[in-house]
Amino acid sequence: MVFVFDLDGTLLKDDYTISKYTIETIDKLEKQNHTIVFASGRMLVSIRKIIQKYFFRDFPIIAYNGAMVFVPNNGIIFEKTLDYESSKKVIEFLRIKNIHRQAYVNDRLFSEEDNDKIKFYSKHADVEYKIVNDLVELLKQKEPTKLLAIDTPEKLDFIKEELDNLNLKAEIFKSMNIFLDIVPKGIDKAIALNNLLEYLNIKEEKIIAFGDNHNDISLFKMADFSIAVENAVEELKNVADFVSKSNNEDGVFYAIAENFPEYL
0 MVFVFDLDGT LLKDDYTISK YTIETIDKLE KQNHTIVFAS GRMLVSIRKI IQKYFFRDFP
60 IIAYNGAMVF VPNNGIIFEK TLDYESSKKV IEFLRIKNIH RQAYVNDRLF SEEDNDKIKF
120 YSKHADVEYK IVNDLVELLK QKEPTKLLAI DTPEKLDFIK EELDNLNLKA EIFKSMNIFL
180 DIVPKGIDKA IALNNLLEYL NIKEEKIIAF GDNHNDISLF KMADFSIAVE NAVEELKNVA
240 DFVSKSNNED GVFYAIAENF PEYL
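In numbering that gives the first Met the number 0, the protein residues as written are 0 to 263.
There may be inaccurate statements among the hints.
Distance windows between CB atoms, simulated [what the hints assert, rightly or not]: (1) 91 / 55: 39 to 45 angstroms; (2) 198 / 165: 40 to 46 angstroms; (3) 128 / 260: 19 to 25 angstroms; (4) 70 / 233: 33 to 39 angstroms; (5) 220 / 133: 37 to 43 angstroms; (6) 114 / 247: 24 to 30 angstroms; (7) 263 / 95: 49 to 55 angstroms; (8) 73 / 260: 31 to 37 angstroms; (9) 161 / 30: 31 to 37 angstroms; (10) 223 / 113: 31 to 37 angstroms; (11) 53 / 248: 37 to 43 angstroms; (12) 165 / 48: 14 to 20 angstroms; (13) 153 / 26: 22 to 28 angstroms.
It is worth saying that the hints were derived from the structure and are not from the lab. Every residue, glycine too, gets a C-beta built ideally from N, C-alpha and C.
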């Protein structure tokens, strides 16, 4: 089987740690030759730091909500960038609305302002960032893998509606309640997982998916069995096969114990 784990709000507790029960469970699954995949909106460098910290080795990774796919020993096997015109429209729109915006280029983080939001994000993701005068000028040289807006949940809901009306070549969704992701059109975790499984030549394996937010919906629709944690958004719970305990209550471990006890 293929087990696909979201990170923030799912595998990670609110203090960004992973419990020993969950670590032991994933180790057991891998030893039984199940494929383990981590799928997140985070940067690749950020995901790898977390995985190395708790598992001391690499796993297949879906980063940037599907815009980048990484395989151990082979590196990045898939990457799609957001076209310059769409990027320019988003950045200029967010400037007018006075919404914090940041860009991801070559797995590096860039911002126009050295404010509390970029500092919070840098600490949250455990990555460094670089301040530039003009993101639009930066993206003329290299298109971004992703853009991110950070603000209150209510303001981002409003911003998403307005961005949707700009007819961008982009997918726009929340990865956390204060994060609005803008990624290339035709990109999501499910499409990335298809690319990954094709690359690994994995066919007809059952897919078990774990998640908590809107960016996991495509994955849940693709999976043979989907598990939402208790703290997940209602839209995800509505399409889940099973709702587990929260991320702070070892929801991943509990779900596997309840549904797949033979693997423990």
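Verification of the supplied hints:
1. 91 / 55: 39 to 45 angstroms: holds, 44 angstroms
2. 198 / 165: 40 to 46 angstroms: violated, 33 angstroms
3. 128 / 260: 19 to 25 angstroms: violated, 44 angstroms
4. 70 / 233: 33 to 39 angstroms: holds, 34 angstroms
5. 220 / 133: 37 to 43 angstroms: For residue 220 and residue 133 the Cβ distance comes to about 39 angstroms; the hint holds.
6. 114 / 247: 24 to 30 angstroms: Given about 29 angstroms between the Cβ atoms, the range holds.
7. 263 / 95: 49 to 55 angstroms: Holds - the Cβ-Cβ distance for residue 263 and residue 95, about 53 angstroms, lies within 49 to 55 angstroms.
8. 73 / 260: 31 to 37 angstroms: Given about 34 angstroms between the Cβ atoms, the range holds.
9. 161 / 30: 31 to 37 angstroms: violated, 49 angstroms
10. 223 / 113: 31 to 37 angstroms: violated, 46 angstroms
11. 53 / 248: 37 to 43 angstroms: violated, 18 angstroms
12. 165 / 48: 14 to 20 angstroms: Given range 14 to 20 angstroms: violated, Cβ gap about 34 angstroms.
13. 153 / 26: 22 to 28 angstroms: violated, 41 angstroms
Hint check: violations occur at hints 2, 3, 9, 10, 11, 12, 13; the rest are consistent with the structure.
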